[in-house]
Amino acid sequence: MNQHHWNDSECLFLPASAPDYLPLPQLRSLQLQRLRATVKRCYEHVALFRSRMEAKGLTPADIRTLDDIRLLPFTEKSDLRDTYPFGLFASPMSDIVRLHASSGTTGKPIVVAYTQNDIDVWKNVIQRTFACAGVGRGDIIQNAYGYGLFTGGLGVHYGAEALGATVIPVSGGNTDRQIMLMRDFGITVICCTPSYFLHIIDHAEKIGVDIRKLPLRAGFFGAEPWTEEMRKRIEELAGIKAYDIYGLSEIIGPGVGAESQAQDGLHIFEDHFFPEIVDPKTGESLPDGEEGELVLSTLSKEAMPILRYRTHDITSILTTPSGCGRTIRRIRRINRRSDDMFIIRGVNVFPSQIETAILQIEDTLPHYLIILTRQNNLDQITIQVEVTEKYFSDKVSELQSLRQRLAHAVEQIIGIRAELQLVEPRTLARSEGKIARVSDRRNQPQN
Amino acid sequence: MKLNQISVFVQNEAGSLTKYLRVLADGGVNIHTLTLADTRDFGILRMIIREWELARELLEKAGAVVKVSEVYAIHVPHRPGGLAEVTDLLLGARVSIEYMYAYNLRGEGSAVMVFCFDKPQDALAALAKVGLNPVEPALLFGAAPSTC
Chain A
1 MNQHHWNDSE CLFLPASAPD YLPLPQLRSL QLQRLRATVK RCYEHVALFR SRMEAKGLTP
61 ADIRTLDDIR LLPFTEKSDL RDTYPFGLFA SPMSDIVRLH ASSGTTGKPI VVAYTQNDID
121 VWKNVIQRTF ACAGVGRGDI IQNAYGYGLF TGGLGVHYGA EALGATVIPV SGGNTDRQIM
181 LMRDFGITVI CCTPSYFLHI IDHAEKIGVD IRKLPLRAGF FGAEPWTEEM RKRIEELAGI
241 KAYDIYGLSE IIGPGVGAES QAQDGLHIFE DHFFPEIVDP KTGESLPDGE EGELVLSTLS
301 KEAMPILRYR THDITSILTT PSGCGRTIRR IRRINRRSDD MFIIRGVNVF PSQIETAILQ
361 IEDTLPHYLI ILTRQNNLDQ ITIQVEVTEK YFSDKVSELQ SLRQRLAHAV EQIIGIRAEL
421 QLVEPRTLAR SEGKIARVSD RRNQPQN
Chain B
448 MKLNQISVFV QNEAGSLTKY LRVLADGGVN IHTLTLADTR DFGILRMIIR EWELARELLE
508 KAGAVVKVSE VYAIHVPHRP GGLAEVTDLL LGARVSIEYM YAYNLRGEGS AVMVFCFDKP
568 QDALAALAKV GLNPVEPALL FGAAPSTC
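Protein chains in written order, with my numbering: chain A, 1 to 447; chain B, 448 to 595.
Keep in mind the hints are simulated off the structure, nothing from the lab. Glycine included, each C-beta is placed from N, C-alpha and C at the ideal position. Possibly wrong hints are sitting among the right ones.
To be verified - Distance condition first, Cα-Cα at most 30 Å in a straight line; then the derived DSBU-like pairs of lysine-lysine:
no.	chain 1	residue 1	chain 2	residue 2
1	A	390	B	466
2	B	508	B	466
3	B	576	B	566
4	B	576	A	390
5	B	566	A	395
6	A	56	B	449
7	A	56	A	281
8	B	466	B	576
9	B	566	A	390
Stated by the list, open to error - Residues from chain A that keep clear of chain B, each with C-beta distances beyond 10 Å, as calculated:
no.	residue
10	85
11	285
12	427
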């Protein structure tokens, strides 16, 4: 795929990784060419993009430079939901070879589509993700991301195969088996959420397996925010290198960005996904180096190109060159969002979903607080709901039933079991203006 | 005659009980008897108080969620099998006991139990047949003041 000139005489990496090292003028020229083609495709094949561009008086011909991307309208998650299921597709179904869907919304899922070429791009960026960390042929990769509608499992799977590595498609869960495979198969690389890996470490210790003595040498952790402190802990406890990876289904799935061995930020595979940073409040473009909301545009997607997708992830584009020599830009590790969405066990949850669930049971919305904790290295969600006069009963069974109905409604909507606690009225903090609905205590020391 | 029982929701954490007891103490309200139904996460404090309206007002002012419900104090034969006879009787009358607890009344020959029935009228009718009647408030609150 690489028809560009680049100096590969000393390159020890996969040919697939070539775009990571493109000289910047060539990279920018490639991006512009691809951006113009993507805008044209969106304008010609997707009604929503066309009408939004028309509303701004834009035609594809108005995109002459990369900076002109700022003229284009944003795309929000709600646009994907509102056009459910196939409204944003730019290819006929006969050209689409795969559909995935995410659960992270109220009611309808978000559907994403891939042509064969999209799948090939996906494989390429996953290969580059692994190559970034020096993983390749000869490695045995345990893929503990969920297989199925979620993009994590299959996305990583095909890229890892294309890399020439051996893939174990174990999917998530069954920690005993994960540890058995890790030991018996001589696994060298694991892919899962960071919190699940901490759980694996914990469980291994319990059953007398020392992960440090196994051949495992690297982990690719993503699908939820984590911190440098967690990285240190994982690296110490498991004796491996822990790499942060970034991706989202709306753009492609895993494979949007990854850390290299320099572990100095996540390289965005920007020949396929163009990153911008904007002010989360005004939408104004911010220069590289400034903190703001990450906005991504796909540059080569066929089935479902996306223009200026608001990720709501807060980060900045790093301006110093990476220690690994790649020329593609990097973003700082993401550990916070501009909206109130939170990610638990890889699933996106909005407080509004919890409200919807509560309102299925109670007539009016009581005060509530969502508390995220990490117990035995697994993320837990606890929802405290204030008891109101109307639903209070002198009978334990009635209150237990209320609690269970609330917990059930929440689980039905977010797909994750939540611990539900009834609390006294006025015990949850009130504040002027914005009420804190989520208390994330996952990175607080456990006692 | 029915009793107005005051129930308060209490969280299972340090200080939540004493907070409400203090409110009643400061208001000069005496609790004649009480029971705490506790679960892993929360408790329900049920109290029999003569000045139940004042108690409700004080508790609500203190931010408590309060419920007033109808319960009955019944003399139960104070001998082996006395309570079993009563529960047998209620079973026969197809009445469910939502909950019950002992009333702190010092007396000879009988014990007083507080009952919450699902069908109070059926329960009272069945009990009356064998001469078991609700205890008069005067006896509960007047004759034997309790500090509980």
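Each hint, compared with the structure:
1. A:390 to B:466: Holds, at about 22 Å.
2. B:508 to B:466: holds, 12 Å
3. B:576 to B:566: holds, 16 Å
4. B:576 to A:390: Distance of about 36 Å is beyond 30 Å: violated.
5. B:566 to A:395: holds, 15 Å
6. A:56 to B:449: violated, 73 Å
7. A:56 to A:281: Holds, at about 20 Å.
8. B:466 to B:576: violated, 43 Å
9. B:566 to A:390: Holds. Residue 566 of chain B to residue 390 of chain A sits at ~21 Å (cutoff 30 Å).
10. 85: holds, 41 Å
11. 285: holds, 49 Å
12. 427: violated, 7 Å
Of the hints listed earlier, those the structure fails to meet are numbers 4, 6, 8 and 12, in rising order.
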